[in-house]
Amino acid sequence: MRAILFFAAFALTAPVLAQDVTGVLKRDFHARGQATMDRVDQDALQFVCTKFADKPPAELAKLLESDQMKTFVFPAGSLVGDWKRGEKIAQSGRGATWSDPKNAPAGGSCYNCHQLSPQEASYGTIGPSLLRFGKLRGDGPEIQKYVYGKIYNAKAYNLCSQMPRLGYSGTLTEQQIKDLVALLLDPESPVNK
Amino acid sequence: MRLPLALLLALCLAAPGARAQDSKKEIEKYQRMIADSSPAELFELQGEDVWKKPQGPRKVSLERCDLGLGAGVLKGAYARLPRYFKDADRVMDLETRLLYCMTTLQGRDGAQASRTAFGTADKPSEMEMLSAYIAGQSRGVRLAPGATHPKEKAAYELGKALFFYRAGPWDFSCASCHGETGKRIRMQDLPMLSKPQYARPVVAAWPAYRVSTSEMRTMQWRMNDCYRQMRFPEPEFASDATVAVITYLTVNARGEPYRGPGTKR
Amino acid sequence: MNPLRRVTLQTVAALTAGLALPLRALAAWNKEAFQAKTAADALKNLGIASSAESKDVLIDAPQIAENGAVVPIEITSNVPNTKSIAIVIDKNPFPLAAKFDFSEGAAPYVKVNVKLGESSFVRVLAEAGGKFYSASREIKVTIGGCGG
Amino acid sequence: MAEPMKIRTTLKGDSADVRVLMVHPMETGLRKDASGSIVPMHFIQEVAVKVNGKLAIEGQISQAVSRNPVFSFRLKGVKAGDKLEIAWLDNKGERSQIETAIA
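Residue numbers (our numbering), protein chains in the order written: chain X, 1 to 193; chain H, 194 to 458; chain F, 459 to 606; chain E, 607 to 709.
Please note that the accuracy of each hint is not assured.
To be verified - Non-contacting residues of chain E with respect to chain F, defined by C-beta distances greater than 12 angstroms in every case (computed):
no., residue
1, Lys638
2, Ser641
3, Val645
4, Pro646
5, Val655
6, Asn697
To be verified - No farther apart than 35 angstroms at their CA atoms in a straight line, the calculated lysine-lysine pairs in the DSBU-like style are these:
no., chain 1, residue 1, chain 2, residue 2
7, E, Lys638, F, Lys495
8, X, Lys84, X, Lys193
9, E, Lys682, H, Lys246
10, E, Lys638, H, Lys222
11, E, Lys638, H, Lys217
12, F, Lys589, E, Lys682
13, X, Lys84, E, Lys638
14, X, Lys26, H, Lys222
Stated by the list, open to error - Heads up, incomplete: computed chain E residues facing chain F, CB under 8 angstroms, no partners named:
no., residue
15, Ala662
16, Ile663
17, Ser668
18, Ser678
Keep in mind that the hints were calculated from the coordinates and are not lab data. Using N, Cα and C, we set each Cβ at its ideal position, and we do this for glycine too.
Same shape as in the complex, but just chain X (with noise of 0.2 angstroms):
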């Protein structure tokens, strides 16, 4: 099953065009910093996601979104750090470009895309925004579990996603996921008030 999906996906692509754009990045661009050469390569989900301009057939998506739910690792433990760094992690777009030291914290990114605390008004609306979210959607061990798993590896329950897999990829830690989880559901959390 898995191997007729994915031949049938390669089957799909217009001849060799994904493999010369592969072949023309790796011929122009250069590393530079932490952004090493072997990103521009795709992963089986980038490749799908490219292909079918992010909407693959529900099979193919149900099986791949299958593989990233694998890639979750959970903490052991509450999983609800502190709303208040959350709220600073959410701020900062920094991490993982070229131009960002290596070893330095990144941040979320959140506001970029999503709105959260009220108080901030410059917000993006690439994502719903999540406003309230722990309000509407309760505290408990599952919504937790959830936000978790969608912040680490978005991918999992939408394989085409915009969101970054931010846990699954290395730019976010445990600790600062749990903080974001915290952002996000703590009823003292800016969000939620």
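Dock chains H, F and E against the given chain X, drawing on the hints supplied.
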């Protein structure tokens, strides 16, 4: 019981909505005011000096550089770029062509000129000044990049494929931010650059003075910094890849009267 | 619309030795006022002991600036016989940003781009007949773009 | 070296809007360069506008004015052809001046 709850909800939702509206209006006002009081023209003046200044081992100016309409013809030249150049046998955008002229006419080192193509507060860029000056000579001229030569068509197709190519640790493509209409990053409206009606006003305003760095920025810079934010490795200045994306965007903006150099946040 | 084409424009190479320098006529830069670290100290050093809020002092500026490096501010004083206008940005490390003195041949009007280190009140003080008239406006500096 | 300036005037009746653009880094003394060293303060302190040789506006400004300053002023009782001079002086003693006719 239902009615008051609905009312309450409506009230709660109305307030942030109204705030967002006000914010949008104020941001638009900000953008209007920075455009009204932009020092962009200064870069055109400086660019004219650079264009006419003898430089390089051959001690000649760029005044004999052929930007596509004949040696030294500036009027309307920018609006016809990128285009195929027979002498170089490749498609070139403005900066790629300038780099070509710097090396072939002035005998300068191309690698050196590429390294200083993006200005900083400490080192202003000739390339940025030249771009402002030359683009300014196309004001009012409709954008008509090359789209007939096989290499121009190939550049467009490659640019389009690059635009939608998702990769890197954050899985981004250009379309991640510029593939939908009505979206924004922070307060910044994001044009859907794959659609002509949205690409036109944006492309027709580059190069542009960026107030955040107080620099005149070019399309090559725009490509470079987008790829940086996309968490990709760095594109080579004036490479076929960057020229291809610029070709794709400019062909999408075809027909729009050029009105830059513009002013951006 | 191309503004360069709309109006006549003339630029002349800067500074030649033969030209009379208008700057010779200038009063010295008010070091004490400009180096003051609080708005209160800046006002004191400008000789402003008190001021009255006035609707005749107009500030046109965006309430939200996407970048603090360039915040355009347009100021008009409709107070008769306005002699000078000072701009004070409360939260800047050195709050006094500018002071303009107007002679008979100039309207008490100025538009200038200023830097705001963070969201701040911007105060304008207009001097007329030995008195000071003020207006203020809050400008929020937000984070624009990808923030990387 | 004196950097270029650019003036644009728009005459409406007997009043003229004047816009002047200046090239200047307007360094605050807080910025670090690529090598991490502080870039010293360097900013225009004084700006003067003269009409037909007579001082009309004198401005004192600080490092809080944006890089590449742009000013708009309004002159009264002027006519086409009047001589307009604008000059600046910075904290290092560098200066620049431009002269044009009101139009």
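Cross-check of the supplied hints:
Annotated as non-interface, lysine 638/E keeps its C-beta farther than 12 angstroms from every C-beta of chain F; the closest such distance is 15 angstroms. For serine 641/E, the non-interface assignment is confirmed: its Cβ lies about 22 angstroms from the closest Cβ of chain F, beyond the 12 angstroms cut-off. Against the 12 angstroms criterion, valine 645/E stays outside the reach of chain F, whose nearest CB is about 15 angstroms from its own CB. The beta carbon of proline 646/E sits about 15 angstroms from the closest Cβ of chain F, which is more than 12 angstroms, so the claim that it is off the interface holds.
The beta carbon of valine 655/E is not kept farther than 12 angstroms from every beta carbon of chain F, the shortest such distance being approximately 7 angstroms. Residue-level check failed: asparagine 697/E sits 8 angstroms from the nearest beta carbon of chain F, not beyond 12 angstroms. Under the criterion of a C-alpha separation no larger than 35 angstroms, the hint pairing lysine 638/E with lysine 495/F is consistent with the structure, at around 21 angstroms. For a cut-off of 35 angstroms, the pair hint linking lysine 84/X to lysine 193/X stands: about 14 angstroms separates their Cα positions.
Using a Cα cut-off of 35 angstroms, the hinted pair lysine 682/E and lysine 246/H is violated, with the two alpha carbons roughly 40 angstroms apart. Taking the CA atoms of lysine 638/E and lysine 222/H, the gap is near 31 angstroms; set against the 35 angstroms cutoff, the hint holds. Taking the CA atoms of lysine 638/E and lysine 217/H, the gap is about 33 angstroms. The hint holds against a cut of 35 angstroms. Restraint check for lysine 589/F and lysine 682/E: satisfied, since their Cα atoms lie roughly 23 angstroms apart, inside the 35 angstroms limit.
For the given pair, lysine 84/X sits about 30 angstroms from lysine 638/E by alpha-carbon distance, which is consistent with the 35 angstroms threshold. A hinted pair counts as satisfied when its Cα atoms are at most 35 angstroms apart, and lysine 26/X with lysine 222/H does not qualify at roughly 43 angstroms. The interface hint given for alanine 662/E is met, as the beta carbon of that residue sits about 4 angstroms from the closest beta carbon of chain F, less than 8 angstroms. A hinted interface residue such as isoleucine 663/E counts as satisfied when its beta carbon comes closer than 8 angstroms to some beta carbon of chain F; here the least separation is about 5 angstroms, so the hint holds.
Using the Cβ-Cβ criterion of 8 angstroms, the hint placing serine 668/E at the interface with chain F is satisfied: the shortest such distance is roughly 5 angstroms. For serine 678/E, the interface hint holds, since its Cβ comes within 8 angstroms of a Cβ in chain F; the closest pair sits about 4 angstroms apart.
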